[in-house]
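The listed protein sequences correspond, in order, to chains A, B and C. Its first residue numbered 563, the first sequence is counted upward by one per residue in this note's numbering. Its first residue numbered 157, the second sequence is counted upward by one per residue in this note's numbering. Its first residue numbered 78, the third sequence is counted upward by one per residue in this note's numbering.
Please keep in mind that the hints were generated in silico from the structure rather than gathered at the bench. Virtual Cβ for every residue (Gly too), placed ideally from N, Cα, C. Keep in mind that a hint or two might mislead.
[Stated by the list, open to error] Simulated DEER-style distance windows between Cβ atoms: (1) B:Q210 / A:G641: 48 to 58 Å; (2) A:D699 / B:L254: 13 to 23 Å; (3) B:H250 / A:N694: 27 to 37 Å; (4) A:N694 / B:R243: 46 to 56 Å; (5) B:R243 / A:V571: 37 to 47 Å; (6) C:V711 / A:N694: 20 to 30 Å; (7) A:S587 / B:R243: 16 to 26 Å; (8) B:R243 / C:R695: 15 to 25 Å; (9) A:F633 / C:T683: 52 to 62 Å; (10) C:S691 / A:G681: 53 to 63 Å.
Spelled out, the chains give:
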Amino acid sequence: MLHLVLFLVFGAICVAGAINLLVQSHPISSALSLVVVMASLAVEYLLLGAEFVAAVQVIVYAGAVMVLFVFVIMLLNAGVEERTKGSQVALILGIPGVLAGGLLVAWVLIERTGTATVGLGALPGFPKTIGNLLFHDFLLPFEITSVLVLIAIMGAVVLASRPEPKNPEKES
Amino acid sequence: MVPVSYYLILSGILFSCGVIGFLIKRNIITIFICIELMLNGVNLSFVAFAAQWQHLSGQVFVFFVMVVAAAEATVGLAIIIAVFRTRETLNVDHVNLLKL
Amino acid sequence: MTPSLHLWLIPILPLIGAAINGFFGRRLSRQTVSAVALTFCGAAFLMGLYVAARFSSLELPHAEYLGHWIRSGNFMVNFEFYLDQLTLVMLLVVTGVGFLIHIYSVGYMWEEGGFYRFFSYLNLFMFFMLTLVLAGNYLQMFIGWEGVGLASYLLIGFWFTKDSAASAGKKAFIVNRIGDFGFLIALFLLIKHFGSLNFSQVFSSIAQQPAETAGIGLLTSIGLLLMVGAAGKSAQIPLYVWLPDAMEGPTPVSALIHAATMVTAGVYMVARSHVIFEHAPNALTVVAIIGTLTALFAATIGIAQTDIKKVLAYSTVSQLGYMFMACGVAAYSAGIFHLMTHAFFKGLLFLAAGSVIHAVGGEQDMRKMGGLRQYIPWTFMTMTAATFAIAGFPPFAGFFSKDEILARAYEANPAYWFIGVTTAFITSFYMFRLWFMTFFGDYRGREAAQHGHPAHGHGHGGHGDPHESPTIMLVPLMILAVLSVIGGWVGIGGRFEHFLSPVFGEGATAVATEALSRSTEITLMVISVAAAVLGFYLAYVLYLKRPELPQKIADSLGGLYQAVVNKYYVDEIYADLFVKPLVDGSTRILWHGVDQGVIDAAINDTADGARHVSDSARQMQSGNVRSYAGWVAVGGAVIIAYMIWMGVR
């Protein structure tokens, strides 16, 4: 019962945040709405027992990635989104299509899962067990993702760096 | 005891919102934010299935998704900065030089 | 079993000559080229003589089988040769006259470009003609038939850079083809109903059938279609229009092909197929009518022509009409007899005309000739012999053959005879008109040249007085002149007919009623000689004594005369009736409609379609990032849907 209530409350917050994200015109508002979504998702994870994942979600996702987003928004001084003439196809076809698709997927998943239920804290995801899995069964993906992160860092530094000012008098 | 399907519905809603935003928003950064939203929705369904089937690899996968999302966000934002420097705009409709 | 005479050599020898001259002639000297051509043609002639020498020891008809050609179920066609009296006559005429004309051509064409090409074509023509004559079945004859048409086209259009010559060559070939179409259909009918094209087999099958006297049955159809083919090849109504135009070719070509040999192929074919015609009397009547009408028609056109070669061309058409008239009343041997004498005197007339043209430097208009007999005496004498021969004066060759035909025509139907005699009168008239205009009176060429009229033909400009031709051109003239005189004597006492009787049977079975009495024969003979003399006298009056009369007569006849001069506007009628609609239809339907509208359009539209498709497809590459996003979403949705569908199944 508590599980259901908590789920519904934080689920509502998630959805509200998502819709707010769509509705807002200033990107900073959208970013902050996403933080709200992430935080409530962390609670949902906790309800399912995934403690480590919830913690990582808050620390890494909401705490680092979104901060990065906010920094960039403020760096570029992004303003309110203006209305430009673009493709209206996305608007007209996209929203109904997506909704339909989403409903269809949901219906199928519901069919498949049937009446399975999960309890509060159904699968405890202790850091120790997850760590074990990471370093034993999933070692290779782990190492590869670390290389990926390294590459991403180097790429970001190169892409975002200011180009060298060209000095015509300087020789060589 | 919450049916798994509820989690999945929530995940689906989040994902759909992400797709909708991805399609209709005109600010590049907002579009990126919507991509993150999509990823979050997917994460939730991973964890829900992990709980249903009592398999921890679902949660480990969430971990990896987050890492990749972080890397992707980093590089994407760097690109946006580079594009902003040349085009002076964050409106995706103005970045149309690749027109045939 | 008589031993093989190697008849296949006779056509092959000229073919070898044609090949040598055709492939290597460009690099050989004129002497070599002429030597090659004359050697191989002469060799064919010698072989013909050899065959003639061996003739009495042969069992006739003599067939030689060379190899099989078509084997299709029960239908079989071989390469085979067939020798009987008719073949022998044709063979000797073709090779003999051909050889003489080859000799003449060496002199006539000496100054011309393309010397080797001319002789290559000439030898090629001999090959095809001999194939036609010696053929043992209709298909082999058809090869020769088509081949002589080809050679004719090549030779008429010899000076192909000249538009009129090229057009004349095309006209000849196309009109011939129309006739060949009829021939082909006849062959198909023969194959269908008799299962073979071999002469012996076909004729023996037909001989067992009764004669078709009513309506148009199978044999009548075959006969009529064969006649269509003969009309095309031998220039009868309605397919004669190519022959006058064919005078664009060099004069030896006119002599060989359009007087002595190719045009007689039709007569030969009808004579060879006499078994068919005997069983189809209606077809035979059609043959006679066509021949008679053509004879008269062409003769009337001939009296108004001013080009010396055109007069002879129409004369040829008219004389061929006589031959068909003869065949039409089942007097085949008379027709062949006239074919032989005609080859002599018409060939001579053309060669002599060539000599005259050569003498006056290329001029062909008779109004610009005259009084030439003191300048070119040998040409004059030989041409005189030929003119008297064609007019039918005894004892020249033409008299015997023409008289034979007229007598047999009278037996069949006096109407034929009457038209024949009228035509003989007209023939005599226009031939002597030609004779007087060319050789008598004053030479009108000088003032014409002074007025700056250019000489056409193969002119080398006016070069002073007319001069006699070189000896190499005169010798064939003299030989043919002798033949024109004595050539008819083989017919005296019916010896020629008797010689050919094993081929044709004893006289006509279908047409003649009773033989003429001696007095009737002599009366007819006298009348035809009188007609010839009358023609001579009329020509004498109009063109020598009172040369101003022809113009007055022409003026008083007005429109009728104009019609005759313009050949009754037949060419114009054909052009409007057949050629123009065909060309228009071809342009509009086949060219614009099918070629451009369907074939070109198919390709162009395919390319256009590809272009339009890619044009639409590239709308996707708009440069608009959001549309890309949209497409990504759509693609993702499709994949998800597919996976769900796979999962749900």
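Each hint tested on the structure:
A beta carbon spacing of about 49 Å between Q210 of chain B and G641 of chain A agrees with the range 48 to 58 Å that was offered as a hint. Look at D699 of chain A against L254 of chain B: about 43 Å separates their beta carbons, and that is not inside 13 to 23 Å. As the Cβ distance of H250 of chain B to N694 of chain A is approximately 50 Å, the hint placing it in 27 to 37 Å is violated. Our hint of 46 to 56 Å for N694 of chain A and R243 of chain B holds, since their Cβ atoms are close to 48 Å apart.
In this structure, R243 of chain B and V571 of chain A meet the distance hint of 37 to 47 Å, their C-beta atoms being roughly 43 Å apart. In this structure the hint that V711 of chain C and N694 of chain A lie 20 to 30 Å apart at CB is violated, the actual value being about 42 Å. For S587 of chain A paired with R243 of chain B, a C-beta distance near 20 Å keeps the hint of 16 to 26 Å intact. Distance hint check: the CB atoms of R243 of chain B and R695 of chain C are about 23 Å apart, consistent with the given range 15 to 25 Å.
Between F633 of chain A and T683 of chain C the beta carbons are some 57 Å apart, a value that agrees with the proposed interval 52 to 62 Å. Between S691 of chain C and G681 of chain A the beta carbons are some 58 Å apart, a value that agrees with the proposed interval 53 to 63 Å.
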